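Participant: Read off the chains here:
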Amino acid sequence: MNTVIIQYNAGNIQSVLYALERIGMTAVVTDDPSLIQSADKVIFPGVGEASTAMQYLKERNLDVLISELKQPVLGICLGMQLMCRHSEENNTPCLGIFDEQVQKFTTSIPTLKIPQMGWNTICDFKTDLFTSVPENSFAYFVHGYYATIGAHTIAKTDYILSYSAALQKDNFYGVQFHPEKSALVGEQIIKNFIAL
Amino acid sequence: MLTKRIIPCLDIKDGRTVKGVNFTELRDAGDPIELAALYALQGADELVFLDITATVEKRKTLSELVNKIAHKINIPFTVGGGIKTEEDVSVLLQNGADKISINTAAYIDPTIIKSFAKNFGSQCVVLAIDTKCEADGNWYVYLNGGRQKTDTLTTEWAKKAVDLGAGEILLTSMNHDGTKQGFALDITATLSATLPIPIIASGGGGESAHFYDVFTTGKADAALAASIFHYKELAIPDLKKYLNNKGISIRL
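Chains as they are written, first to last, in the working numbering: chain A, 1 to 196; chain B, 1 to 252.
Don't take every hint at face value.
What the hints assert, rightly or not - Computed cross-link-like contacts, DSBU-like style, restricted to lysine-lysine with a CA-CA straight-line distance of at most 35 Å:
| # | chain 1 | residue 1 | chain 2 | residue 2 |
| --- | --- | --- | --- | --- |
| 1 | B | K72 | A | K156 |
| 2 | B | K160 | A | K104 |
| 3 | A | K156 | B | K114 |
| 4 | A | K191 | B | K232 |
Stated by the list, open to error - Facing chain A, a subset of chain B residues (Cβ under 7 Å, in silico):
| # | residue |
| --- | --- |
| 5 | L2 |
| 6 | T3 |
| 7 | D31 |
| 8 | A70 |
| 9 | N74 |
| 10 | I75 |
| 11 | G82 |
| 12 | Q94 |
| 13 | G96 |
| 14 | A117 |
| 15 | Q123 |
| 16 | A189 |
| 17 | I197 |
Hints are computed from structural coordinates only; laboratory data are not their basis. Given the structure is predicted, the values throughout are model-derived calculations rather than measurements. The C-beta atom is built at its ideal place from N, Cα and C for all residues, glycine as well.
With the hints as extra help, turn the sequences into a complete structure.
Facilitator: Now the structure itself:
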């Protein structure tokens with residue numbers, strides 16, 4: 001199994017690598033197009049801000065490269081959001097793989113903090129990404145923007161409103177939560193992705 | 001539903017976990033990696049590691065320790081102690097830390113909150129405030145591990161830090177720390193009700209009921225404790241079961 005983690009200016013690359021190592025996998029962290037294209041699995045991590053991340057990808061032509069990948073791709077957090085059509089975060093056009101929109105959480109209830117930070121349940125699973133994961137399992141989230149629910153939604157979460165906890169279209173998968181930090185539930189989801 | 005977080009804190013000195021009472025009288029409490037792995041297994045929602053003797057020459061030791069922890073731990077963790085520069089943050093994140101905690105350095109130069117938030121994201125910038133209620137009834141900010149009083153009100157400093165981009169506030173009451181008599185509910189509730197970011201309450205957690213109080217009356221988003229977990233006075237699974245039975249949203 002040849003797994004690649006796309007290297008770009010995202011914060012959680014190391015955590016994703018260590019999570020793979022904990023389940024006995026290895027991965028190469030790279031922005032080399034040929035290594036990314038020839039990988040069996042590609043992980044597209046992300047912690048940061050949408051417009052800066054998109055600009056970084058574009059400058060290196062990684063935006064086109066990612067969109068044209070044929071093997072299973074897993075976007076995590078900002079990685080998933082960048083795979084959507086558009087993000088309200090600094091009004092950023094994104095990769096357009098998923099039709100869903102990325103919008104900002106807004107609430108007038110002061111006890112609902114933004115960004116959402118912590119453990120929340122995920123439910124309404126579709127696809128093999130959630131094999132052996134019980135409905136309403138807990139996953140770790142840190143985000144101020146969310147993807148709307150649409151045709152590509154394969155898991156949901158409630159915070160302020162119901163939104164996409166995970167998306168899938170063809171070979172492209174995205175999760176809003178951090179499987180690399182979501183204890184045994186996260187490890188199972190990473191294993192499932194590797195097994196796709 | 002988003003759950004309240006239980007966060008064990010490991011104070012690190014020379015690579016070992018230590019714990020004091022009211023910020024002094026340090027006692028050895030074991031190997032940090034072993035303890036961290038145990039807590040993660042028991043259902044801790046996050047971990048905090050504070051290097052309480054952080055000095056320039058010891059920074060390498062800390063980053064090595066962070067790297068070992070990151071390989072072992074499948075939940076988020078925060079590292080604090082002596083962080084002053086973007087380079088300090090970068091090294092810790094590259095070694096697998098999820099968030100960094102800053103305290104005195106941020107008070108001396110608040111612009112680092114802004115630059116850290118810009119470069120690494122607010123989600124990884126935890127502002128730690130050590131606070132003490134004085135005879136005048138006001139809560140003041142203390143620096144340097146509680147050794148130096150300032151004239152700044154905790155509410156004002158917290159508000160400023162949020163404006164600069166802090167993602168969370170870790171509030172430790174020096175009046176309560178190590179006493180096991182319960183958390184500082186009033187100042188915690190004040191900050192939580194007025195600030196848009198999560199508040200982690202710290203100092204004074206001695207029994208399950210104290211955690212219930214800090215999540216309800218104290219309106220905290222997370223509660224941090226050290227000695228009661230280290231010395232096995234309260235097991236995390238028992239605490240979480242208790243809170244769940246009392247209707248608190250908690251990850252079991």
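Participant: For each hint, tell me whether it holds in the structure or not.
Facilitator: Hints, one by one, checked against the model:
1. B/K72 x A/K156: The hint holds at about 29 Å.
2. B/K160 x A/K104: Holds, at roughly 23 Å.
3. A/K156 x B/K114: Cα-Cα ~33 Å, so holds.
4. A/K191 x B/K232: 33 Å, holds
5. L2: 5 Å, holds
6. T3: 5 Å, holds
7. D31: Interface hint status for B/D31: violated (19 Å vs cutoff 7 Å).
8. A70: 5 Å, holds
9. N74: 5 Å, holds
10. I75: Check passed: Cβ of B/I75 comes within 6 Å of chain A, closer than 7 Å.
11. G82: Nearest chain A Cβ about 21 Å off; hint violated.
12. Q94: Holds, because the Cβ-Cβ distance from B/Q94 to chain A comes to roughly 6 Å (cut-off 7 Å).
13. G96: 5 Å, holds
14. A117: Not OK, violated: B/A117 not within 7 Å of chain A, min 10 Å.
15. Q123: 5 Å, holds
16. A189: Since the shortest Cβ distance to chain A is 11 Å, the answer is violated.
17. I197: Holds - the Cβ of B/I197 comes within 7 Å of chain A, reaching about 6 Å at its closest.
Violated hints, listed in ascending order, are 7, 11, 14, 16; each of the other numbered hints is respected by the structure.
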